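Engineer: If you want the building blocks of each chain, they are given just below.
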Amino acid sequence: MTDLGTGRFVTFEKSSPEFSQYLLGSFSDKEIALPVSSLFVNTPQEQVTFQILRPQDVDRPPLWKLWFQVLRLDLLPLTLLPPVVIMILERSSLSGNPLAIWSFVALLFLHGATFCRNDYMDHMRGVDRWNEKGGSRVIQRGWLRAVSVRNIYLVLMLAAVFCSVPIFMAYPELLLDAIFAAALGIWGYSHLRSGRGPLWLSSVGVFLCLGPLLTVGFSWVMTGTASVAAVLIGAHFGLIAMLYALTRHTISMLVDDQAGLRTLPVVLGFDRMKALLSVLVIVLIITSGFVFSWAEPGLKSLTALPLVVGLSFLGRKIYAVKSPLSSALLEIPANLVSFHLLSGALLVVYLIL
Amino acid sequence: MNIKVYAPEDFPSYLPKLNALYDDLFSHGKGFRAKLIQRVSEHLQLSDERVHLLAQTIEFIHNASLLHDDLIDRSPLRREKTAAWLKYTPEYAVLAGDYLLARVMVNLSRYGNLRLIQYTAEMISDLLEGEWIQDSLVEDWDVSINQLDRVHNLKTASLFKWCIRAPFVAAENYDENLHRLLDEMGSLLGLLFQRSDDLLDFDIRNYERKAILGDLKSGYMNSFAAFVTRGMSEQQKAKFRQSQSMADVYQAIGEAEFFNRLAEFDEHNKKVMALYDHHCLTLTTFLKPHEQGLIEELKVLPNILYWRKV
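Keeping their order, the protein sequence lines are chains E and W.
Residue 1 is where the first sequence starts when you use this note's numbering, and the numbers rise one by one after that.
Residue 354 is where the second sequence starts when you use this note's numbering, and the numbers rise one by one after that.
Same shape as in the complex, but just chain E (with noise of 0.2 Å):
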């Protein structure tokens, strides 16, 4: 239940000079302004009323955490697992490969740059002022202003394309790649949020770039060469990263569709979208079955057996859920970080014996 503190209200319009201020949080450096009610989110009539708080009144916690949950380093295993995997199979290490060390440090970078300005942007469009669900919460909750996460994101956007420098003027064709990545990225999460364009489009921006294409230009970066075994690899995690985002998608279907975005889930009905959901866990299961067994089949590919067992259970329990609301569809995406993890750790195992 959001906490409204005790502040007093303000109400602005879009067309008010303060408004933007007050969304940004630079109004002062005494006061806080959290965004309590919002009419017309994301049109040129757009009002919001803020709830005005000294930066004492809000409930922060400390430090580490407050920079766990902006960086969103939850999620960091579907960003950094894939490369350690990589690693693993290609037999390297960090240590005496410097442009591994710095695709590590730009792929961390990233990871936190993407998350702060996802938040952002959903922040500045009232996209997560209407979806209680959405983003780390870190502004809604008065943590951070607006303009300090923006801030974060700059620095570190900045520091990822630093740490890339090395990598693109050894192999400048992961440029390609990296460009290719951005736009995916960037069209995809933009058309997500306005309900434009493919419906596909996003969804498969994820599976790209937490899968094959991280994957595969890590493993260049490592051996100057990308192998069958690492599209494979980054395939199967691509996969439980879309898994990931569609769950969360059909989580805040309700308030999308009363919004008038048309993401696929809306598109697609609850019942359908349920059935997708099934079907790509069947598929999971199949492709660890196949990925277990590329490199080197035997008793070996046993090792898939937990993984296999235990998303069985996650078909089974996404196929249960009653509807948009029920509390077992809000466990399913960290159930799949967990089997992300998983997986990892599994093929970590599977490459060593």
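By construction, these hints were calculated from the structure, which means they are not laboratory data.
Model, not experiment: these values are computed from the prediction.
Quick reminder that beta carbons are idealized off the backbone N, C-alpha and C, glycines included.
Partial list, computed: chain W residues near chain E (C-beta under 7 Å):
no., residue
1, ILE486
2, SER489
3, ASP493
4, ASP495
5, VAL496
6, GLN500
7, ARG533
8, GLU537
9, HIS631
10, THR635
Given the structure of chain E, go ahead and fit chain W onto it with the hints provided.
Structural biologist: Here is chain W on its own, set in the frame of chain E:
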């Protein structure tokens, strides 16, 4: 004006048991929503005929939803009397509810304000969506209060929004900004009303001595139940779910902890009331001088709806 929303002459005499069913249904209701319509309409200088139409409309819709609700939930009692589906038949309960909604459309279409018809149809649609989604949350013991608020915004709040917006529509004031603000205010009123109703189920401010724990026994975690069980172990939640009396509830949660959480719940809702008060202030900029008296009528509503202070 004393509004009588139901009269047997308004319904066909050749439908067996229909008037008896409606007599039972309407005779024991408080007619709060009709009174709210009346209070809002006074300040907009609507004619008695229009006020009667609006009051009858909202009470017909509300009571139609009660007829269907009782059948869906298999509740044996309504307002301490045998529920219609049990006293008559389930078929009659469904048809009687549908018939009330049909009469609403007949009455509004005769009146001729197309926007009012459209808005009413949208409201009924929201109400039914809320009912549908709520049904999917039965036996969902981990449902959160945020998810329940979404349901209540469709189900309960849509009626309150209508009560404060429809008189303006009937007065042919269609200012979009005004209506969005009234919509927000209606949302907050609906939220407060529902949360208060959910507290009643735990015998909090249960001045009318209504039956308690009905929601829990039907497998439904209402907003207070969801709030009070946040962070509890599975064992505690299981014990809570099996409660048959308030003594069982106190044993499952701890009596002191129960009242601590109640105090916290009340604090949250006081802040909702503060936001509502702010919106009342903003509303003054939209009202004509002779309409400003409406603000005082609207300001007292949170007290009535949440604290049950008349």
